[in-house]
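Protein sequences appear in the order of chains A and B.
So for the first sequence, this note's numbering puts the first residue at 57; every next one is plus one.
So for the second sequence, this note's numbering puts the first residue at 864; every next one is plus one.
Any given hint might turn out to be false.
Away from chain B, derived, C-beta distances all over 12 Å, residues of chain A [claimed, not checked]:
| no. | residue |
| --- | --- |
| 1 | Gly65 |
| 2 | Asp113 |
| 3 | Asp150 |
| 4 | Glu258 |
| 5 | Ala266 |
| 6 | Ser276 |
| 7 | Met326 |
The calculated lysine-lysine pairs, modelled on BS3-like cross-linking and capped at a C-alpha distance of 25 Å, are [to be verified]:
| no. | chain 1 | residue 1 | chain 2 | residue 2 |
| --- | --- | --- | --- | --- |
| 8 | A | Lys313 | A | Lys156 |
| 9 | A | Lys168 | B | Lys1093 |
| 10 | A | Lys168 | B | Lys889 |
| 11 | B | Lys889 | A | Lys195 |
| 12 | B | Lys910 | A | Lys195 |
Cβ-to-Cβ under 8 Å is the rule here; a few derived chain A residues that face chain B [stated by the list, open to error]:
| no. | residue |
| --- | --- |
| 13 | Ser176 |
| 14 | Gly178 |
| 15 | Met182 |
| 16 | Ser185 |
| 17 | Gly189 |
| 18 | Gly220 |
Worth flagging that the hints you see were computed from the coordinates, not collected in a lab.
Computed from a predicted model, the values in this text were never measured in an experiment.
Note that beta-carbon positions come from the ideal geometry of N, C-alpha and C, so glycine has one too.
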Amino acid sequence: MVERGMGLGIDDLESMAKRCRRNIVRMVYGIGAGHPGGSLSAIDMLTGLYGHRLRVDVDDPAWGDRDRFIMSKGHASPGVYSILHERGFLTEEDLWTFRKLGGSCQGHVDMKWCPGVDFSAGSLGMGLSFGIGCALAAKLDGSERSSWVMLGDGELQEGQIWEGVMAAVHHEIDNLTVIVDRNGIQNDDFCESQMRMFDVSEKFASFGWAVMEIDGHNMSQILDAINWADQVTDGPACIVMHTVKGKGVSYMENNPKFHGAAPNEEQFNMAMEELS
Amino acid sequence: MSAPSGGGASRDGYGAALLDMVDDDKVVVLEADLGKSTKSCLFRAEKPSHTVSLGIAEQNMMLVAAGMATSGYVPFASTFAIFSERAFEQVRNGIARPNIVVHICGSHGGIHTGTDGSSAQSIEDLAIYRTLPNMTVLHPCDDVSAKALTLALRHHDQPSYMRTARNKVSRSYSEESAKELTIGKGHVHRTGSDVAIIACGVMLNEALDAADILSKSGINATVVDMHTIKPLDTELVTKLAKECGAIVTAEDHSIIGGLGGAVAECIVSEHPVPLERVGVQDRFGESGDSDELLQLLNMKAKDIVKAANSAIARR
Chain A
57 MVERGMGLGI DDLESMAKRC RRNIVRMVYG IGAGHPGGSL SAIDMLTGLY GHRLRVDVDD
117 PAWGDRDRFI MSKGHASPGV YSILHERGFL TEEDLWTFRK LGGSCQGHVD MKWCPGVDFS
177 AGSLGMGLSF GIGCALAAKL DGSERSSWVM LGDGELQEGQ IWEGVMAAVH HEIDNLTVIV
237 DRNGIQNDDF CESQMRMFDV SEKFASFGWA VMEIDGHNMS QILDAINWAD QVTDGPACIV
297 MHTVKGKGVS YMENNPKFHG AAPNEEQFNM AMEELS
Chain B
864 MSAPSGGGAS RDGYGAALLD MVDDDKVVVL EADLGKSTKS CLFRAEKPSH TVSLGIAEQN
924 MMLVAAGMAT SGYVPFASTF AIFSERAFEQ VRNGIARPNI VVHICGSHGG IHTGTDGSSA
984 QSIEDLAIYR TLPNMTVLHP CDDVSAKALT LALRHHDQPS YMRTARNKVS RSYSEESAKE
1044 LTIGKGHVHR TGSDVAIIAC GVMLNEALDA ADILSKSGIN ATVVDMHTIK PLDTELVTKL
1104 AKECGAIVTA EDHSIIGGLG GAVAECIVSE HPVPLERVGV QDRFGESGDS DELLQLLNMK
1164 AKDIVKAANS AIARR
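Could you put the whole structure together from the sequences, leaning on the hints where they help?
Quick look at the structure:
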């Protein structure tokens, strides 16, 4: 019997998230490219999911009845790789293949390259639809496995997202949870200047989703939200988590420059110090 | 070979094949509102539990299909050929790139679709899907062969795009002869050594009529139903180039990038011979009935005859 999560308490999870943050910055610094900001905003939730909730099998990554985690904002790959390392899918050596030829850690998360990855992402807007497919298949199978999809807030500007938002309610998909990483920044600038989205929770609620808002850096709230989503049984659930892009590294925090840029040596050393 | 009597539209064959798979619990059918048109409605009526309606939202449909495929199901997702193109990047990044086995059916392809006009007449689908690694691209000519090829897709281990057509045409296969169809292998309907006419879809009938006309002036044509555009049967195409020395392609599709393009790419590498491409000459269609449009766009049997004479003259 594969258990949920890793049986860790809040303190352990917070320590794990900090180790992940260090590895995120190391990966991006090591190759001189990648997306640290959205990895750092998402990592506390990723830690909550893998450490507390997801039923996955390190010895059998393709196990058919595993829970699915779909990272739709696939550029936040350092975040995913760092947690897959903590969970045991990747060795530390694997992490240093990030963005390198033949490496399991491709630039954007890819199910064909990396054990433990359920979806080949990279083009925004597609992950929710894929998660709906996984969830529908679980229902057809009569399985209790669940699907969890993480979306970026900028990603919500893609029209396909709203096709999926409508479909998930129409099909009463109750084994599906969406997590919106509301860090307020996208590639070019703040979301507010690129395409205003107003109240994201209200939008999901108006389509018929159950919605909960949390502080995406508060581990206690993260675990509560995950538990809450499991209790929503009449349709899909959405956790809108308010986060800080670049969280944990002072000069990256809320800074659009670090959506997709690597730190220089001085900045790297500063980050390692702040995350020690 | 004599053509069996009667007529059928390839979309009817797709629907009939889905119905044949109704007892297979791994088969799921996805629709984007056009089930009555693509004929997936036949499956829905028998097995609503395994039919997923996604509304008028093709992009979502493609990735829902991919998600189901990675969970052990074999999805058949259909819409009009032209609307599948709206989700081209979803097919590219979400299906072909991770090599997820989803079978896409685009119906109402080509100018043969007729009176709906140019917005509905996809004349580029075969070309664009052919460029994607891992994709198999099919375009059967009638209902009987469409049924056989759809059934063959059930155990095909790569994603596919199949274009079907709206309108009934004379059948070129019987239930018996369709059993010989293999994905990736052209089907030779008539043998002659003067010119090879390689056709697909509704143009196979025009090609067979053209061969009849040519025979009256002593020209013997081979006629092939190239129902699989990708992977192209390069062995057969090369053999025909060597034996006939002149080739004509005939397709209800742009002459750029489809069957004509695929055959050109093959022979220019393997055995260059004169090639004439009959199809839509880099323009959009318009409203009209199928035959009027074939006449307007120079895609009738007489046009294939002209192309054959031209290719032979250049030999």
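For each hint, the structure was consulted:
no., hint, result
1, Gly65, "holds (32 Å)"
2, Asp113, "holds (16 Å)"
3, Asp150, "holds (20 Å)"
4, Glu258, "holds (22 Å)"
5, Ala266, "holds (20 Å)"
6, Ser276, "holds (32 Å)"
7, Met326, "holds (36 Å)"
8, A/Lys313 / A/Lys156, "holds (23 Å)"
9, A/Lys168 / B/Lys1093, "holds (23 Å)"
10, A/Lys168 / B/Lys889, "holds (23 Å)"
11, B/Lys889 / A/Lys195, "holds (13 Å)"
12, B/Lys910 / A/Lys195, "holds (15 Å)"
13, Ser176, "holds (4 Å)"
14, Gly178, "holds (6 Å)"
15, Met182, "holds (5 Å)"
16, Ser185, "holds (3 Å)"
17, Gly189, "holds (2 Å)"
18, Gly220, "holds (5 Å)"
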